[in-house]
Amino acid sequence: MEYKVEAHRIMSISLGKIYNSRVQRGGIKLHKNLLVSLVLRSARQVYLRDYYGGICLSAQQAREWCEGEYMDSEQDKLVPGSTESLPESDGQSEVAVDKGEPINVVESPASLDVESQASGEQEHAENVILDSGCSDLKTTEESPEASATCEVSNVVTTISSNCISDPSPSNPKEATETPTDCQTDDSESVEENSHKPKVPRAYTNRKRSADDSELKDPLPKRTKVISPLLISKNDENKGETEEMDTSNVSSLITIFGSSFSGLLSSEDGAQPDSEVEDSDSGQICCDQMLKNLNPWSTAIVAF
Amino acid sequence: MDEEIDTRKINNSFLRDHNYATEADIISTVEFNPTGELLATGDKGGRVVVFQRERESKNQPHRRGEYNVYSTFQSHEPEFDYLKSLEIEEKINKIRWLPQQNAAYFLLSTNDKTVKLWKVSERDKRPEGYNLKDEDGRIRDPTTITALRVPVLQPMDLMVEATPRRVFSNAHTYHINSISVNSDYETYMSTDDLRINLWNLEITNRSFNIVDIKPTNMEELTEVITAAEFQPNQCNTFVYSSSKGSIRLCDMRASALCDNHSKLFEEPEDPSNRSFFSEIISSISDVKFSHSGRYLITRDYLTVKVWDLNMESKPLETYQVHDYLRSKLCSLYENDCIFDKFECVWNGSDSVIMTGSYNNFFRMFDRNTKRDVTLEASRENSKPRAILKPRKVCVGGKRRKDEISVDSLDFSKKILHTAWHPSENIIAVAATNNLYIFQDKVN
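First to last, the protein sequences are chains A and B. For the first sequence, my numbering assigns the number 1 to the initial residue and increments by one for each residue that follows. For the second sequence, my numbering assigns the number 1 to the initial residue and increments by one for each residue that follows.
The set of hints was computed from the structure by calculation and includes no laboratory data. There could be a bad hint or two in this list.
To be verified - Computed footprint of chain B on chain A, listed as stretches where at least three residues anywhere in the stretch have a Cβ under 8 Å from a Cβ of chain B:
| id | segment |
| --- | --- |
| 1 | 22-29 |
| 2 | 34-47 |
Unchecked claim - Mimicking DSS-like on lysine-lysine, the simulated pairs with C-alpha atoms at most 30 Å apart in a straight line are:
| id | chain 1 | residue 1 | chain 2 | residue 2 |
| --- | --- | --- | --- | --- |
| 3 | B | Lys244 | A | Lys4 |
| 4 | B | Lys392 | B | Lys58 |
| 5 | B | Lys389 | B | Lys401 |
| 6 | B | Lys288 | B | Lys44 |
| 7 | B | Lys116 | B | Lys58 |
| 8 | B | Lys401 | A | Lys4 |
C-beta atoms are modelled at their ideal positions from N, C-alpha and C, and glycine is treated no differently.
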């Protein structure tokens, strides 16, 4: 247990460092960010390992559920090519939540589903489930991006974990998102998630305003990374976790979500053909972040 | 070893009376020139200060060659990369002297993106008696000139001037972390996180890339280059260290692009010491060839290792610098101290290694006697001409008198940069914004 708490704490600190590095004078330092990302990954692995076993089962169920729901969703390259969701706790199967790709959306329901089943499971469960959900949705075509997204998602997932692990928080909100809920949130862009309210809303408020307008509609599914996080909390709220507590970590994640979205969009040349909207939002994000991304993206990508 | 302290406190801040240090005054590099006559320091504000050793005089035998300020100049200015919307810091990352070939001194100084070659020269004569302008420099009316004269060189007060002779720019996408002058005195290399470029000292518009470890897919990036140095005797050999704790030796004769190393020096990780931060503390922050060229020292966060170029599998010697920090890695990670890049240096005879630590401590390891000493560079504890007292950090349990406990170490006072005179036992230690120069005891 101590490991988990420690790992979670280290993950939060690491994310804080990555975030702060964006505003440091002299640009982003590749070496330091690489080291921080390695620590982040180690901590995440430790963190997830504990829950892996318990989640497997629920993940399986979640995956099936997701598949049914989102077969044709805008899923995209986000999902790193890991088709094997369960076996891989870290990395591949991680949901690439960046950009709020549909994957995220998919995950939310998956997570929710899982939540319901596995009461009280933490984010690990979440992440795993997400992974499984995502993996199904992933298209193989985007493997390069997938890896990128995978990376990002890994980070994102971590962030999610962070969010979720917040014990005290207030959030009972875990986003118990229903499938429809998933659709609503685009962490990045959407200010107003008509569908799913609070959780995404809190995050979206912080989203980049520029893309928002465009991003909102086309892809309701862009769940932000946070959503999965919320889900994790879910023990309590299976149903509608509306409130997204804007804790520091949450905002951090939101911001990361935006960054990562931008990163992904700029990283991936091609958008999934199935998702026009994604492309649009991707483009927007890309434009937003492009000028900041060059050194930053290398650091991020390295994650 | 006994040390006599000859303290120089160089504080470039305008507010000399205050105790806090302005960030621009923080010394970021220290380097002796090949003869040891000059000592250069670079700071975060982009300035270079050069000290010159006094000539020993019979009148004052006890003042055995103290270092005085010789020249100060602004080497780099803050810049802005408009394309990436990034500010380029003016902090001097490294200074390297060129061997002296005439009356002037040359040094290379670099910030994150640009290397500059500076010429430091003395002027003690000036021409007087121009025809077309008068002594003030104003142009004379040609119609008033009735006779011609030849300008004559008249003595003047010694003036030391620094002029930039070459600017090597636009060759690095990532941050430059080291430069190294080749023993052929014609070329040098500059190293950033992912690439090493070879330059000719005369040519500024072209450089050759000799090492490129950037992966095609940046997502696969796992290690970066942290330092590089040319072998002091062979102009075709150089080494570079990585963030994963490995050192690669490359031979430029083998191919134009030295991505394939000739030797790989790596020590397998001790699995019992595995933690979240294992990767960070194994990242090498500095690598230095011995003067003989046969050995290397590398500095990672907790140790200094001596490597024999003929043995790649493990280091010859490993010295623990501050192993008591191993249990505190998490807090050091939080306050960013774990990312500090300590440097290490050899003495002139390659028998002693020196490196810095926290609380303004620095450590010396004698390779022959296997003895080590911890010394402190601070104003309170050192008066000029006083002998430095060895310090000790108490690791736990009962703290003896004069010992410092690990918890009371001041982690904001770190000695990252040190230099050792090439032939004598004179060391320069940079403690934040202060420079300390210590000499061997004179009997």
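Comparing the hints with the structure gives:
1. 22-29: holds (count 4)
2. 34-47: holds (count 7)
3. B:Lys244 - A:Lys4: 26 Å, holds
4. B:Lys392 - B:Lys58: Distance of about 39 Å is beyond 30 Å: violated.
5. B:Lys389 - B:Lys401: Distance ~13 Å between Lys389 of chain B and Lys401 of chain B Cα, so the pair holds.
6. B:Lys288 - B:Lys44: With a Cα-Cα distance of about 23 Å, the restraint between Lys288 of chain B and Lys44 of chain B holds, given a limit of 30 Å.
7. B:Lys116 - B:Lys58: 39 Å, violated
8. B:Lys401 - A:Lys4: 40 Å, violated
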